[in-house]
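Participant: With the hints as constraints, model all of the structure from the sequences given.
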Amino acid sequence: MYRKVILGCALCFSALPSYSEVHISGFTSINAGKVLSGSGVPHYGINEATFLADYPIVSVYNEDVSFKPESLFGLQVKADLGEGLSATAQIVSRGANDFETKFEWAYLSYEINDTWTIQAGKKRLPLFYYSDFYDVGYAYIWMRAPADNYTWQIFNYNGVNVLYSGDIGDWSLTGNIYYGREDDKENKLLSDFFFQEPTREIWKDILGGVLQGSNDWLELRATVMTYTNQRFRSGEPALWNGKDERDGTFYGFAANADFGDLFVLSELNRLDLDGNLDTVMLTLGYRFDSLTPFISYSAFEQKDGDDGEDHNTTSVGLRWDFHASAAFKIQYDEVEDNSTSLAVAGDSKAITIGIDMVF
Amino acid sequence: MKNLIVLMALLLVSSFAANAGVDVIVHPSNANAIDANTIKKIFTGKAKSFADGSKALPLTQGDSSAVTSEFNEKVLKKSSSQLKAYWSKLVFTGKGTPPKEASSDAEVLSLVANNPNLIGFVKQGSADGSVKVIQSF
Numbered sequence: 001m002y003r004k005v006i007l008g009c010a011l012c013f014s015a016l017p018s019y020s021e022v023h024i025s026g027f028t029s030i031n032a033g034k035v036l037s038g039s040g041v042p043h044y045g046i047n048e049a050t051f052l053a054d055y056p057i058v059s060v061y062n063e064d065v066s067f068k069p070e071s072l073f074g075l076q077v078k079a080d081l082g083e084g085l086s087a088t089a090q091i092v093s094r095g096a097n098d099f100e101t102k103f104e105w106a107y108l109s110y111e112i113n114d115t116w117t118i119q120a121g122k123k124r125l126p127l128f129y130y131s132d133f134y135d136v137g138y139a140y141i142w143m144r145a146p147a148d149n150y151t152w153q154i155f156n157y158n159g160v161n162v163l164y165s166g167d168i169g170d171w172s173l174t175g176n177i178y179y180g181r182e183d184d185k186e187n188k189l190l191s192d193f194f195f196q197e198p199t200r201e202i203w204k205d206i207l208g209g210v211l212q213g214s215n216d217w218l219e220l221r222a223t224v225m226t227y228t229n230q231r232f233r234s235g236e237p238a239l240w241n242g243k244d245e246r247d248g249t250f251y252g253f254a255a256n257a258d259f260g261d262l263f264v265l266s267e268l269n270r271l272d273l274d275g276n277l278d279t280v281m282l283t284l285g286y287r288f289d290s291l292t293p294f295i296s297y298s299a300f301e302q303k304d305g306d307d308g309e310d311h312n313t314t315s316v317g318l319r320w321d322f323h324a325s326a327a328f329k330i331q332y333d334e335v336e337d338n339s340t341s342l343a344v345a346g347d348s349k350a351i352t353i354g355i356d357m358v359f
Numbered sequence: 360m361k362n363l364i365v366l367m368a369l370l371l372v373s374s375f376a377a378n379a380g381v382d383v384i385v386h387p388s389n390a391n392a393i394d395a396n397t398i399k400k401i402f403t404g405k406a407k408s409f410a411d412g413s414k415a416l417p418l419t420q421g422d423s424s425a426v427t428s429e430f431n432e433k434v435l436k437k438s439s440s441q442l443k444a445y446w447s448k449l450v451f452t453g454k455g456t457p458p459k460e461a462s463s464d465a466e467v468l469s470l471v472a473n474n475p476n477l478i479g480f481v482k483q484g485s486a487d488g489s490v491k492v493i494q495s496f
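Going line by line, the protein sequences match chains A and B. For the first sequence, position 62 matches number 62 in the numbering used here, and the numbering has no gaps at all. For the second sequence, position 109 matches number 468 in the numbering used here, and the numbering has no gaps at all.
Think of the hints as simulated: they come from the structure by calculation, not from any bench. Since we're looking at a predicted model, the values are computed, not measured. Do not rely on the hints blindly, as some may be mistaken.
[Unchecked claim] In the SDA-like style, the derived pairs of lysine to any residue whose C-alpha atoms are separated by at most 25 Å in a straight line are: (1) Lys448(B) x Lys185(A); (2) Lys454(B) x Lys185(A); (3) Lys433(B) x Ser325(A); (4) Lys448(B) x Ser131(A); (5) Lys68(A) x Arg246(A); (6) Lys407(B) x Thr115(A); (7) Lys399(B) x Ala324(A); (8) Lys102(A) x Glu21(A); (9) Lys448(B) x Thr101(A); (10) Lys482(B) x Lys454(B); (11) Lys68(A) x His323(A); (12) Lys185(A) x Thr117(A); (13) Lys491(B) x Pro475(B); (14) Lys414(B) x Thr117(A); (15) Lys437(B) x Asp411(B); (16) Lys34(A) x Ala254(A); (17) Lys448(B) x Asn113(A); (18) Lys243(A) x Asp304(A); (19) Lys400(B) x Gly84(A); (20) Lys436(B) x Leu220(A).
Facilitator: Written out as structure tokens, the structure is:
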């Protein structure tokens, strides 16, 4: 992760003593899993037991062992141009997309001073606590950030982001405000899973803010984001109450407490989009040197109507830091899908194992 | 039995000896008051300057070196994998850059002796007059 290549430009610009430092780093996850049992959703033609491990990327496991749904390889190149200016690109190749390689991040960053940084380009939408490092399995405890929470179909945006970093007493504060839009010509989650027809998903006028504070043992994060949604199903505009667009507001709160060996991770989120969609997550873990067992519960609930989307997952797992830059993980998930007309993948019990690395 | 006790005592002593202690060092001209909490903040990217406003650049050593593990555990209160997970989160979200890495105590000493912005750590007792020891752990 700390590898650094100095590209001396003495030959190409011999008159200028300028050079840029290029940092190359990366991450990879090789995961395998299978469904042990499950109901599928027969009324939507899903007759096989199915475990949807990840919504936005549509990582689907069935009864045959598969390595593809969640395996990925990411490479980040950061060119440090000096005086606070840098350019960063991240390309990710995912098994779920047949290892087709895509730019997930590409942005310029300018550090105005120790407190303020401004960034522009394509970035990850920082909705949930784990959204912007969702792909970096090494950075968290589970096989994946809890699927019931991380269900939103849009996960990148193009725009500007202003970052703040400072402190008050013992508390370190960081925050950011971002504005942008995303036009996903063929959204995978909506096209492949929910509507089963080509669906274009647009989130425009995305405006959001995040504030995070941490001290020695406690970390708190609060966020609000608003956007306007437009959707085209097979080219036809989707209508909501006769209009071709609708506004959504997202609220999120996360608290993580670390008591040395014992730690607690939690998230509480609400999306108000013609009614409330609530998600919760609670994880308990304990560190025995390099072994960290954990239990976790996450749930998604649509508050309005009698047959909204409603599902939850109970998980137990173990992370083993067997190497300085790699972790082995194993996780058992039990999904309960209580929805009928908005059923996602039905009930399932599944097991996944994997290795996460950073370099 | 007696031999066993002696052997255990020897093992205990040698394991203490392995934990040789860590000296945190800066350039001799750096007159800032730097406490343990400030060191922790600088090495986790949460503080970027010394009290007088000058830039603070942390300098670490390789993951596998004993002095690094000792520094991480005693000062940062994190295992090296926890620390690596922490930095991965910042590096891959564009929110931070981990400290630069030197390959030995000798390299840390010579870099710190020549740059007033650097702050580093070496095995206790290896610092010479070219640097200033601000804290020992």
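Participant: All hints are to be evaluated individually against the structure, with a verdict given for each.
Facilitator: Verification of the hints:
no., hint, verdict
1, Lys448(B) x Lys185(A), "violated (29 Å)"
2, Lys454(B) x Lys185(A), "violated (29 Å)"
3, Lys433(B) x Ser325(A), "holds (21 Å)"
4, Lys448(B) x Ser131(A), "holds (11 Å)"
5, Lys68(A) x Arg246(A), "violated (35 Å)"
6, Lys407(B) x Thr115(A), "holds (9 Å)"
7, Lys399(B) x Ala324(A), "holds (21 Å)"
8, Lys102(A) x Glu21(A), "holds (24 Å)"
9, Lys448(B) x Thr101(A), "holds (21 Å)"
10, Lys482(B) x Lys454(B), "violated (30 Å)"
11, Lys68(A) x His323(A), "holds (24 Å)"
12, Lys185(A) x Thr117(A), "violated (31 Å)"
13, Lys491(B) x Pro475(B), "holds (11 Å)"
14, Lys414(B) x Thr117(A), "holds (16 Å)"
15, Lys437(B) x Asp411(B), "violated (28 Å)"
16, Lys34(A) x Ala254(A), "violated (30 Å)"
17, Lys448(B) x Asn113(A), "holds (22 Å)"
18, Lys243(A) x Asp304(A), "holds (20 Å)"
19, Lys400(B) x Gly84(A), "holds (20 Å)"
20, Lys436(B) x Leu220(A), "holds (20 Å)"
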